[in-house]
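**Student:** For reference, the chains in residue letters:
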Amino acid sequence: RIPPESFQTFKCEAPSLDVKVKKEDLLSMYKSMVAMRRMEMAADGLYKAKLIRGFCHLCTGQEAVGVGMEAALSEHDKVITAYRSHGFTYMRGGTISSILGELLGRKTGISGGKGGSMHMFTSNFFGGNGIVGAQVPIGAGIAFTQKYLGNKAATFIFYGDGAANQGQVFEAFNMAKLWNLPAVFVCENNKYGMGTSASRSSANTAYYTRGDYIPGIKVNGMDVLAVNQAVSYAKDWTVSAEKGPLVLEMETYRYSGHSMSDPGITYRSREEIQDVRAANDPVSGLKECLLENKVVSEDEIKSMDKSARARVDKAMEEAKASPQPDIEEFWTHVYKKGYEVPFLRGREPEEFHRYR
Amino acid sequence: VEMTVRDALNAALDEEMAADEKVYLLGEEVGQYNGAYKVSKGLLDKFGPKRVIDTPITESGICGLAVGSAFAGLKPVCEFMTWNFAMQAIDQIVNSAAKTHYMSGGNVDCPITFRGPNGAAAGVAAQHSQCFAAWYGSVPGLKVVSPWNSEDAKGLLKAAIRDPNPVVVLENELMYGVSFPMSEASLSKDFVVEIGKAKIEKEGTDVTIVAHSRSVGFALEAAYLLEKEGICSAEVINLRSIRPLDTETIIKSVKKTNRLVTVEGGWPQYGVGSEICAQIMESEAFDHLDAPVVRVTGADVPTPYAQNLEAFAFPDTEVIARVVKRTLNKQIGASN
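Residue numbers (this note's numbering), protein chains in the order written: chain U, 1 to 356; chain V, 1 to 336.
Pulled out of the complex, with its shape left as it was, chain U reads as follows:
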């Protein structure tokens, strides 16, 4: 049973606090969370070693959101998010090696090294959008497609507390409600949009109420079981019950800065970060739950941690071993293969690529 303060509701009933979860699912969640954190730590190291270029937004601290969600979804459900996308890519089928490979700009990267940190996709995960808020109406369009095709599945559309103030979000809310789309809008409230705290950006920081005519639930996003319960509820709401869209606010926290160039301490204190880590860490939380309920022993935990580290280390070596993309790939995928323009120009007239 999860604590009653796991959920706060707006115009709907709360999900049940009685959680029934199989042992193997719990273990699988723990393994995913540890692997995700290890993967982000690896990315952090690679960035500091100057092997990763440009942007790199880590989800350390927010693991319960992606992992708890995935455990409630099927492969037919779709997910879209903004720029903090590594963790979701992993949960939606991207291998650690292909994610780190993408960050390194290598041939074996999940987008062939052409997208980088913010642009990773799988068959049921649509990225990865670097324009804050733009993914929200796109997500509504994916949900629209599910309805159009009669697929019994939902689309989970992630955005941050910062993006919550973009006009497009409200445009998407309106269409989703108007057309009863199977869309679940998930505000990942990690308290800061870059360096601007929620209270400095939002006239109403109760993001789960900001759908107005769309019911909402605030969820303890640091508790993987609460997330899982809320996502199951949302899926039933929009797919089985066909009640249209729902807003979920996942209250969470990022330990790292907004991106690698942000030390993350000019707008919040080191103590604040330490306090969350000590009292509310999602990985430690699940670990304690597993131990308290005697699901696993300390030794088994250690062994899972060790194996996650080994997996990530191996994936990192694989990724590093990959060469950069072939230079020919520069010209591919500007247009769909077979439907390209006749040629594209390079930097000067004699640098060009002819498709046909």
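Errors might be hidden in some of the hints.
What the hints assert, rightly or not - Below, a sample of chain V positions facing chain U; criterion: calculated Cβ distance under 10 Å: (1) Lys50; (2) Ile62; (3) Pro76; (4) Asn95; (5) Ser96; (6) Met103; (7) Gly105; (8) Ser188; (9) Asp190; (10) Ile195; (11) Glu248; (12) Ile251.
These are calculated hints, taken from the structure and not from any lab test. The structure presented is a predicted model; accordingly, all values stated were derived computationally and were not measured. Heads up, the beta-carbon is just placed ideally off N, CA and C, and yes, glycines get one too.
Given the structure of chain U, go ahead and fit chain V onto it with the hints provided.
**Tutor:** Just chain V, lined up with the frame of chain U:
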């Protein structure tokens, strides 16, 4: 058979929607109202509200939604009541639609058509009278077409809907009601106009006039006028596509006529004419020029409302004829 540009566009939508369940139309007033300019007339009755979708006034939202549905496997035709309003949504067109196939390493497709009236209309002032050909034409990942007559309109819109890439279709409000003859072939449901191929509307030997959209009509009028006056034989090229630009056809023509005038309704700076000039400079056609290339364009001014001022803002037959005559008298290297 004659057909208005409006009916040709309507036929294209009708045929492509009938051919493929995944094609649907969305936009403001496309359904019950029959389209702000009646392009979608009758389609709601025929295909129902699932496939002809009246949207709220919410351009960036509908554009984003349409792009998302294309990522997920549908083939949306996203109508903008005019391209002026698409400015609210240009981020979705440029950053989402045009780039995602590349950024995903080919993992995500975006088979979408964006369409609506572009360019100057009549008496609607600056916010509703401008050409976006140069804007969208500059973006890799997009294809951009700009039909002039009914055959162009039907064939290019059908090609756009069938293309698995995002395609921008720049129609022209002032052309919607104009009738043109339709060839037997163009009445077929299999008719398409290949994107990226210009059409020589009139052959000539002394000067090449390249135009797109409504300007093609003025260019042709000017060419016939000059021919009637015994001044010159002008070749008129209808670009049809802005991106890819059919430089091959232009270069071939310039090699024959040795003179080139470009015509468009858009602003002069960084425009379609500017691009053609640059491409000619960089090609072997440059050595065949007997006179400098000249651009006839919209004036470098926001479109004014008053009729006399508005008329001064856009190219017409008289301006084109004047510029062509001047070009004929110029010689590269001469000091006149």
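**Student:** It remains to establish, for every hint, whether it holds in the given structure.
**Tutor:** Here is what the structure says about each hint:
1. Interface hint status for Lys50/V: upheld, as the beta-carbon distance to the closest one in chain U is roughly 7 Å, under 10 Å.
2. Nearest Cβ of chain U to the Cβ of Ile62/V: about 7 Å, under the 10 Å cut. The hint holds.
3. Because the beta carbon of Pro76/V sits about 8 Å from the nearest beta carbon in chain U, less than 10 Å, this interface hint is met.
4. Evaluation of the Asn95/V hint against chain U yields a held restraint, the C-beta minimum of about 5 Å falling below 10 Å.
5. Below 10 Å, beta-carbon pairs count as interface contacts, and Ser96/V has one with chain U at about 6 Å; its hint therefore holds.
6. Below 10 Å, beta-carbon pairs count as interface contacts, and Met103/V has one with chain U at about 4 Å; its hint therefore holds.
7. Because the smallest distance between the Cβ of Gly105/V and any Cβ of chain U comes to about 3 Å, under 10 Å, the interface hint for this residue holds.
8. A cut of 10 Å between beta carbons decides the hint on Ser188/V: the least distance to chain U is about 22 Å, and the hint is violated.
9. Checking Asp190/V against chain U by beta carbon gives a least distance of about 18 Å; that is not within 10 Å, so the hint is violated.
10. Among the interface hints, the one on Ile195/V holds; its C-beta lies about 8 Å from the nearest C-beta in chain U, closer than the 10 Å criterion.
11. Because the closest C-beta pair between Glu248/V and chain U is about 8 Å apart, less than 10 Å, the hint holds.
12. Interface restraint check: Ile251/V against chain U, minimum CB-CB distance 13 Å, threshold 10 Å, status violated.
The earlier numbered hints that this structure contradicts are 8, 9 and 12.
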